[in-house]
Every structure is written in C-alpha cells, then in structure tokens.
Amino acid sequence: MTDVTGASADVLHTLFQSDQGGHEQVVLCQDRASGLKAVIAIHSTALGPALGGTRFYPYASEAEAVADALNLARGMSYKNAMAGLDHGGGKAVIIGDPERDKTEELLLAYGRMVASLGGRYVTACDVGTYVADMDVVARECRWTTGRSPENGGAGDSSVLTAFGVYQGMRASAQHLWGDPSLRAKRVGIAGVGKVGHHLVEHLVAEGAEVFVTDVREEAVRRITERHRDVMAVRDTEALIRVEGLDIYAPCALGGALNDATVPVLTAKVVCGAANNQLAHPGVEKDLADRGILYAPDYVVNAGGVIQVADELHGFDFERCKAKAAKIYDTTLAIFARAKEDGIPPAAAADRIAEQRMADAAAARAR
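The opening residue of the sequence shown carries number 1 in my numbering; numbering runs sequentially from there.
Since the hints were made in silico from the structure, they are not lab data.
These figures come from a predicted structure and were not determined experimentally.
All residues carry an ideal CB built from backbone N, CA and C; glycine is no exception.
Honestly, I wouldn't trust all of these hints.
[Unchecked claim] Calculated cross-link-like contacts (lysine-lysine; reagent style PhoX-like; alpha-carbon spacing at most 20 angstroms):
| id | residue 1 | residue 2 |
| --- | --- | --- |
| 1 | Lys102 | Lys37 |
| 2 | Lys268 | Lys339 |
| 3 | Lys339 | Lys323 |
| 4 | Lys285 | Lys323 |
[What the hints assert, rightly or not] Cβ-Cβ distance ranges computed for the label pairs, FRET-style:
| id | residue 1 | residue 2 | range |
| --- | --- | --- | --- |
| 5 | Asp229 | Ser116 | 48 to 58 angstroms |
| 6 | Glu243 | Gly22 | 38 to 48 angstroms |
| 7 | Ala260 | Glu105 | 39 to 49 angstroms |
| 8 | Pro263 | Ser148 | 43 to 53 angstroms |
| 9 | Ala63 | Ser148 | 28 to 38 angstroms |
| 10 | Glu105 | Glu243 | 44 to 54 angstroms |
| 11 | Lys326 | Asp289 | 23 to 33 angstroms |
| 12 | Arg364 | Gln174 | 30 to 40 angstroms |
| 13 | Glu105 | Ala333 | 44 to 54 angstroms |
| 14 | Asn151 | Asp329 | 27 to 37 angstroms |
| 15 | Gly35 | Gly207 | 42 to 52 angstroms |
| 16 | Pro281 | Asp31 | 34 to 44 angstroms |
| 17 | Glu237 | Ser116 | 35 to 45 angstroms |
Using the sequences and the accompanying hints, generate a full structural model.
Given below as structure tokens:
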C-alpha cells in the first residue's frame with residue numbers, strides 16, 4: 001500500500017505516528033549519473049549534531065531501505081546518549097551491492113548529499129563501507145569521520161567497538177557470576193568480520209573457550225588458522241544450541257534475537273556487537289523470562305562511535321579507550337536500574353537514554 005506520494009504507507013506511519021518514529025528529518029538522495037540512491041535519517045539533534053554510519057547494502061526494496069535507516073538512526077540516538085556523547089542520532093543507507101555498485105563517483109555524490117545538510121548529520125563507516133570510502137566522502141564533506149590516519153582520521157573504529165563489547169561481557173559476568181573474569185567461559189560469536197575477529201582476540205587472551213561462525217568461510221578460516229583452540233560451528237542455528245554456552249555474541253546484522261532463536265538459546269548471557277538485535281518489542285521480556293541476561297546492544301557496541309566522535313576534536317586513541325572502558329560501569333548501572341525498577345535491561349537503558357535526551361531538549365527550550 002502507498003500514499004498519494006507513492007511512498008510506503010507503513011514507512012510513513014512509522015515516521016509520523018508510531019512509537020518507533022519521531023524522527024526530525026529524512027532525506028531521500030539520488031544522483032543518476034553515479035547511480036547513487038541513498039536515505040539519510042536524522043532521529044534527534046537534542047544532544048548535538050546527529051552522528052552515525054553509512055550502510056551500503058543491497059536492499060530488496062526502497063521501502064526496506066527507508067525502514068532500516070529509520071530504525072538505525074533511532075538506535076544511534078540512544079547509543080550516543082548512553083555513551084555520554086554530545087551527539088544525536090542519525091544513519092544513512094546506500095542502496096546497492098557494495099562489491100558491484102560502489103564507485104568513487106558514487107561516494108563523492110554521497111558526500112555532497114551529506115554536506116548539503118550543513119553539519120546536522122555527521123557520517124562514518126558501517127556495514128559495506130570502510131575507512132578508504134570515508135576518505136573519498138570527506139573530499140566533498142567535512143562532516144565525515146572514520147577516515148584514515150593519513151587523512152587526519154582515527155582509522156578503523158571496529159577495534160574499540162570490540163573492546164567495548166568485551167567490557168560489556170565482563171560487566172555481565174560480574175553481575176551474573178560475581179566475577180568479571182571470562183576465563184574458561186564458553187563464548188559463541190556469530191560473525192567474525194570487522195568487529196568479531198577483534199573480539200576473538202580479547203577472549204582468547206583471557207582464556208575463554210571460543211566458538212565462531214560466519215556466512216563467509218574465509219572469515220572463519222582466518223580465525224581458526226590463527227587460533228587452533230577456537231572451534232568453528234556450522235552456522236548460527238548450531239551456535240546458539242552449543243551445550244553449556246555461557247555467552248552468545250551476535251556480531252553480524254540485526255534481528256538475531258527473535259521468536260525462533262530465543263527459545264533455543266543455551267547461553268546465560270547475550271552480549272554482542274550487532275545493532276538492533278531485538279527483532280521486535282517483547283523479545284527483551286522473553287529473554288528475561290528465560291533467565292537470560294541481555295546486555296543492550298547499543299550500550300556495549302558504542303566503542304566505535306566514541307572513537308569517531310573523538311575524531312572531530314583531534315583523535316587520541318588512549319583517551320578514546322579510556323572512555324570505551326567505561327562501558328563496563330555503564331552496563332553494570334543498567335543492570336542495577338533494571339533490578340531496581342523490575343524491568344528488563346533493555347527497558348532500563350531506554351529510560352536512562354530518553355531522560356538524557358529529554359533533559360537536553362528541555363534545557364535547549366529554556
């Protein structure tokens with residue numbers, strides 16, 4: 001179903017009427033010469049300019065791309081608020097296959113689109129985009145982070161993203177088992193790409209028993225050739241059923257926690273790098289009802305956005321790592337708030353983030 005403009009009615013309902021909406025601005029971008037089709041979604045600028053990455057993905061439809069941009073942008077508002085950053089939430093998606101459709105001309109055209117927003121949205125890397133891509137985008141747009149050190153940037157943000165997830169795991173262990181050590185804990189990682197392979201390094205160094213899976217055989221092979229004790233599992237369906245699994249880490253695309261996966265999870269903790277892990281509202285309660293501790297994704301995977309935000313002020317890795325280390329304390333605070341309010345951790349994190357955004361908006365209105 002569409003409205004009179006031809007846009008998906010479901011998308012417009014999400015934007016203007018549903019609880020998942022409330023976005024300030026959505027921009028549809030097109031450059032026919034380069035083939036660019038993109039969506040830039042700005043959810044909130046209450047805390048400052050919207051900050052979030054650019055996803056390059058072969059969406060099945062334009063409506064699916066818009067819906068993804070809306071969801072991801074909203075998630076960035078909450079992530080940035082919980083990370084203590086002076087940034088709101090935004091996200092962009094480029095429609096297409098990055099292996100086939102990504103060109104210098106397309107990235108330059110995209111840079112011009114972002115620049116046209118005059119700093120309301122600051123972009124960075126995401127699925128399908130890399131440091132080298134941001135270097136190209138930055139030639140047309142000064143509101144670009146995640147650039148290479150050679151071009152004044154901070155480089156690969158997945159390093160601190162993984163470090164933050166690791167801190168979230170340590171906090172989960174402290175809360176559940178009374179000890180932050182992950183030694184001898186059985187940890188299953190779904191997706192060992194940009195972030196997942198760094199997470200493996202932290203876990204192996206601490207002596208965890210690690211299981212991995214990925215849709216790309218070469219990604220798994222890179223891990224198992226480097227670490228002979230890491231065990232490869234056929235697929236995610238098998239991973240979530242590994243006997244005696246302590247922690248499950250979804251580190252690929254969203255929607256990993258759903259009506260099919262939650263009932264069969266063997267893990268006692270879910271803590272991973274993927275965005276939007278909860279497939280729909282209510283999944284967080286299903287996890288709690290099964291006694292599974294969920295570390296909210298947008299809290300524990302904030303290391304990367306902490307890094308790219310710092311780039312805007314003159315990047316310092318140690319300063320960023322110190323900020324990312326605080327994810328441990330933030331995660332523990334969320335678990336404590338959840339217990340105090342009698343709600344799941346995801347709901348507790350939402351309340352804290354929403355309060356910070358509301359306070360900022362009220363201060364701006366005064």
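Structure versus earlier hints, numbers of those that do not hold, lowest first
Violated: hints 3 and 4.
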